[in-house]
Amino acid sequence: MARPGDLKVEDITVRFSGLTALDRISLAVEAGEVVGIIGPNGAGKTTLFNVICGFVRPESGQITYRGQPLLGLPTHRLIRLGIARTLQGLGLWPSLTVLENVVAGAARRPSFGAALFGGRSSMRMERQLVQEAGELLSELGIAQAASAYPRSLPYGVQKRVSIARALMARPSLLLLDEPASGLSQREVSELAQLVAGVRQTAALAIVDHNVDLVTEVSDRVVVLNFGRVIASGTPQEIRADPNVAEAYLGEPAVAQGDSGDA
Amino acid sequence: MRKAVGAVRQSGRRVPVASLWGVVGRRPLARHGLFAVLVAIAIVIFSYQVSSYTNYNLAEVAVFVIAAAGLTLLTGVNGQISLGHGALMAVGAYTTALLLKSQPNLAMILVLLTSVATTAGAGLIFGVAAARLRGPYLAGATLALALALPQLALHFSSLFGGEEGIPITPPSAPSWLGATFSSEQWLAWISVVAALVTLVLLANLMRSWVGRTLKAVRDDEVAALLAGINVGRIQVLAFVISAGCAGLAGALFAYWVGLAAPAAFSVTLSLQLLIAIVIGGLGSLVGAVWGSLVLVMVPDLTGSLASGLNLPSSIANNLPLAIFGLVLMVAILAFPGGIQGGLKRLAGLGRSRWRQHGLRRESG
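As given, the protein sequences belong to chains A and B, one line each in that order. If you count the first sequence from 1, you need to add 252 to reach this note's numbering. If you count the second sequence from 1, you need to add 10 to reach this note's numbering.
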């Protein structure tokens, strides 16, 4: 099975037309670790994920995964390195069923020729992927939704589907982008259980607004504000940090440039 | 529903694989082949019962089916619009004509395969060039292709025969079929077999990861990239497959007309193909068949209607166009899923109602 990940982000700076979205950000996700990334709106959390995934090109800095540089790598190659990501908007494919959505998350597939002629190897692999996807759906408790189309399902179920799709590639590092947004209190606590399960096989980086969730599931928490790391440490340390409280609660004076959560 | 989610979560039960298999409908792909053989036998029998004019029409339908099915994959399934498929058919037709000009005795199967290959090659070049274009920009680029390519035939008239085009001898039926066997019926057979082979191969692709991936790229490119799908390559692949089909259709079209000439491959042809897949049902291979039938039968029916009603020729000549427009509007407004979507809805109405009942009971 997949081994845990080891992501290093060093001195990443991103500017959008003069606006500094990320300012010399450095952080690491060690093997087997769960790292939470929190911060107010516009702090640059999602931008950071977009840099890791190759959607945004940083002005300077370096990102490596298990020693291999990620910058300049086409996005579709990430999954073969073991990096999977969920999207804030989920990005489920509406014209595929839930099962097909999850099966398509697998980075493995038979050859084109086998598919063209409906060959046996193609069939065998399909069957295997369908079985794997089915088991994954069962584990996430949404097996009954297998044949439904994503848009017909409640939001919480869709969220699970998007996580199942990301897990289908057997990642060693899973990036969760706002997994708790739009979920009920109960669904959030189910999500925490799910994260605890996933961390058996993969390291996780979680971006979210929900401070309670992040501090509950993370080994380490990194707090961003205005594109900078303002605090980093264990959940207990973060809770006690006055800088963090200020970023979230007080002093609304400085706002000279909010990058917007891109 | 929200309550149901929690219940589902807690039960967390395993679903037997066999039932999941049924859910996705991935039955052994040999069924496509078996079905095609049955259809072929039926059409062969049919072709003996009807006039050679009907056989001539049958071949035309088959030609359109091939091109429309290829366009279905590109536009219907992968979401890339092409207004240039008429031009790609021209590539196939001219390949056939030029090949037969230099080697008149070449086996027809080789001529057809070569036409597929060259047109797929043209599709590759165009697909790579168009890979970054989306929506209306892609439509514009393909429209430019449709307008420009026939002009090449006029510009290099010594090679392509200019306005008159290059004549082609229609294939003659082998002697073992008997002396009275018409060349129309023979061409109908060949075209129908070619269409069925195309449909089987495309159906195989649609049921495999290729179909899934094409849809995923159409639905959400960002999610596709994150799932490890090379979006650019898939879009080019769709172009290549679709162009290969257009090449086969173009080659058979040239045999059918007995000529490869620029006038046959106007923008109108490209638009007709698009109309066919929309009327038939966008994204469905069976829909491509319905659309092609409409495309061939409407001018025929309106022709006999006009002569029956003694309409003046100025009206009669434009009647097919008017009816196309009418059918297209009705299809878009009333049947967004086209003919195939409408049929499916009718057939599935009772069944889905029953199923919804079942689901509600289970989750409640």
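Hints are computed from structural coordinates only; laboratory data are not their basis. Warning: the hint list may mix true and false statements.
What the hints assert, rightly or not - Per the computed footprint, the stretches of chain A lying under chain B, defined by three or more beta-carbons under 8 Å from a beta-carbon of chain B, are: (1) 262 to 273; (2) 324 to 335.
Unchecked claim - Dumping the calculated SDA-like pairs for lysine to any residue here, alpha-carbon to alpha-carbon at most 25 Å: (3) B:K354 <-> A:A400; (4) B:K354 <-> A:P346; (5) B:K354 <-> A:L339; (6) B:K354 <-> A:D464; (7) B:K354 <-> A:R403.
Glycine included, each C-beta is placed from N, C-alpha and C at the ideal position.
Checked hints:
Using a Cβ-Cβ cut-off of 8 Å, 0 residues of the stretch 262 to 273 of chain A lie near chain B, which falls short of the minimum of three, so the contact claim is violated. Taking a C-beta to C-beta cut-off of 8 Å, the stretch 324 to 335 of chain A contributes 7 residues in contact with chain B, enough for the three needed, and the coverage statement holds. A distance of roughly 17 Å separates the Cα atoms of B:K354 and A:A400; the hinted pair therefore holds under the 25 Å criterion. Distance hint between B:K354 and A:P346 is fulfilled; the C-alpha atoms sit about 19 Å from each other, no more than 25 Å.
This hinted pair does not check out: B:K354 and A:L339 have alpha carbons roughly 34 Å apart, beyond 25 Å. Restraint check: the Cα-Cα separation between B:K354 and A:D464 comes to about 49 Å, which exceeds 25 Å; the hinted pair is violated. With a C-alpha separation of about 20 Å, the suggested pair B:K354 and A:R403 falls inside the 25 Å cut-off, and the hint holds.
Going down the numbered hints, you'll see the structure goes against 1, 5 and 6, while the others check out.
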